Amino acid sequence: DSGVTQTPKHLITATGQRVTLRCSPRSGDLSVYWYQQSLDQGLQFLIQYYNGEERAKGNILERFSAQQFPDLHSELNLSSLELGDSALYFCASSGQTSAYGYTFGSGTRLTVV
Amino acid sequence: SQQGEEDPQALSIQEGENATMNCSYKTSINNLQWYRQNSGRGLVHLILIRSNEREKHSGRLRVTLDTSKKSSSLLITASRAADTASYFCATGYSGGGADGLTFGKGTHLIIQP
Numbered sequence: 001d002s003g004v005t006q007t008p009k010h011l012i013t014a015t016g017q018r019v020t021l022r023c024s025p026r027s028g029d030l031s032v033y034w035y036q037q038s039l040d041q042g043l044q045f046l047i048q049y050y051n052g053e054e055r056a057k058g059n060i061l062e063r064f065s066a067q068q069f070p071d072l073h074s075e076l077n078l079s080s081l082e083l084g085d086s087a088l089y090f091c092a093s094s095g096q097t098s099a100y101g102y103t104f105g106s107g108t109r110l111t112v113v
Numbered sequence: 114s115q116q117g118e119e120d121p122q123a124l125s126i127q128e129g130e131n132a133t134m135n136c137s138y139k140t141s142i143n144n145l146q147w148y149r150q151n152s153g154r155g156l157v158h159l160i161l162i163r164s165n166e167r168e169k170h171s172g173r174l175r176v177t178l179d180t181s182k183k184s185s186s187l188l189i190t191a192s193r194a195a196d197t198a199s200y201f202c203a204t205g206y207s208g209g210g211a212d213g214l215t216f217g218k219g220t221h222l223i224i225q226p
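Keeping their order, the protein sequence lines are chains A and B. When we follow the working numbering, the leftmost residue of the first sequence carries the number 1, and every step to the right adds one. When we follow the working numbering, the leftmost residue of the second sequence carries the number 114, and every step to the right adds one.
Treat the hints as calculated values from the structure; they're not laboratory data. Here the structure is a predicted model, which means the values were calculated and not measured. A couple of the hints might just be wrong.
[Unchecked claim] Facing chain B, from chain A, some residues (calculated, C-beta under 8 Å): (1) Gln-48; (2) Ala-56; (3) Gly-101; (4) Tyr-102; (5) Ser-106; (6) Gly-107.
Ideal placement from N, C-alpha and C gives every residue a C-beta, glycine not left out.
Here chain A stands alone, though its shape is the one from the complex:
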């Protein structure tokens, strides 16, 4: 157990639907990062939150949004899902700076059918 909890582990849904992925960071970590991993694109950075505030955006589609709540857990919302959104979605957390490394969750495998 890495200390970063992601739910659900697996999700199968139809095109056009909306889903919410949840992440609880490791105790004491203020930063949360979301990544999408697919076979052809590798590990793509989506978005970073630090202590409730958005800090950086990567290759996140407009159909996707995220937020970090006062208790520091984060949710990634994916809407109008397409087949190409099928991927592993990882959440990672770090302390005040990423310079000490990330702790990754075990991921949510999303399958859009």
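Given chain A, work out where chain B should sit, using these hints.
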């Protein structure tokens, strides 16, 4: 776009042999980190080397960094079957209030028993 690029994309060796993976990157970095990912699982932080360091050791792992060539290598000595995994380099960036890691596409390492 990926900052780091690992080479080779895949590597298969016999148990007991040493495995070397390389990473090249494009822009200035604060640090470079290596992660391991077992199939379908979250990434696990292995080792971090700062931009002012040239070499670092951790158990059977040895990392080198050449900032003039913008490259790093990860050496795993006396490989074991359990080392079979994908290995990613990640480069640290900071600026504009954000700090984070950009990952390469990874080297898939297979240790043959």
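Verification of the supplied hints:
1. Gln-48: holds, 6 Å
2. Ala-56: holds, 3 Å
3. Gly-101: holds, 4 Å
4. Tyr-102: holds, 6 Å
5. Ser-106: holds, 5 Å
6. Gly-107: holds, 6 Å
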